[in-house]
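2 protein chains.
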Amino acid sequence: MSYSIAEAARRSGLSIDTLRYYERIDLLEPPARDAAGRRAYSEEDLAWLSFLTRLRTTGMPIRRMREYAKLRRRGLASAGRRKVILVEQRGAVAERIAELQACLEVLDYKIDNYDRIEQADAALHREASA
Amino acid sequence: MSYSIAEAARRSGLSIDTLRYYERIDLLEPPARDAAGRRAYSEEDLAWLSFLTRLRTTGMPIRRMREYAKLRRRGLASAGRRKVILVEQRGAVAERIAELQACLEVLDYKIDNYDRIEQADAALHREASA
DNA sequence: AGTTGACCTGGAGCGCGCTCCAGGTCGTAC
DNA sequence: GTACGACCTGGAGCGCGCTCCAGGTCAACT
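Line order of the protein sequences matches chains A and B.
According to my numbering, the first sequence is numbered sequentially starting from 9.
According to my numbering, the second sequence is numbered sequentially starting from 9.
Just so you know, these hints were derived from the structure itself, not from any lab.
A few of these clues could be false.
Since copy identity is lost for identical chains, a pair holds within one copy or between any two.
[Unchecked claim] With a straight-line cut-off of 25 Å between C-alpha atoms, the simulated SDA-like cross-links for lysine to any residue are:
#, residue 1, residue 2
1, K118, R104
2, K91, R28
3, K118, R71
4, K118, A106
Starting from the given sequences, assemble the full structure and let the hints guide the process.
Shown next, in the form of structure tokens:
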């Protein structure tokens, strides 16, 4: 089973342009082509894309993803170095989550303040119309 | 107490250029100036900067921060709309955290796989040298 | 008086990650 | 045979958030 670029885009959630772009910058091995020279993405291609989008979601820069992709092309021998990249990224993600949670607290605090302002305001109106 | 731009940069963690840039794009009210025309940031300026950097950390686009800043300049009357922005952002942050946590699981899974590869590899070496 | 260094302004430039475009080729449907 | 639509290529353009630069002013120090 293989997929046209439009199908691959739909399934990966990336745009057609982005798929071609990823190929150009060596994130993605050039997929097979059909008789007419059109890209035919395999299930494997899609699985790799799905992992790539995970990495992107974590905020990994494309430069680093290319590094990972390059290692992957070298096969098993590069497994150690690939693992290092993932472990590093895991750390970065954990940090980022902590950072966001701290921000969440600040937001909650501010929102609480606005709540109090609203209540004071409502009280004022009750008083005025009493 | 007021602070030179260098001090403000040090305390806010932003660069001097970024401070001037924020002022240019109306994120920051133009701070007071000393006799020589140099910026003199107040404690309030710094507090606002610190909140701004929180918002940036959550990934709020600058466009939206400007909106918030503009409302703030309009005083109490805009409190309701400012609250809406913060509540919305809180939602976005919560979503983002969830997304990152999902990615974390994928990373853990992949890293586990690499661990297994390493162990299998180590076993092979033991066998070979036995 | 001269040098240094922090600061000023307006504007250009940059790295990132796409996104869009022009101009062309195919295969299918009418 | 022609119109259409999906796809192709190479390359330009874009929005974001800074970052850097040239050329200048000013206060302090020697």
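Broken hints, by number: 2
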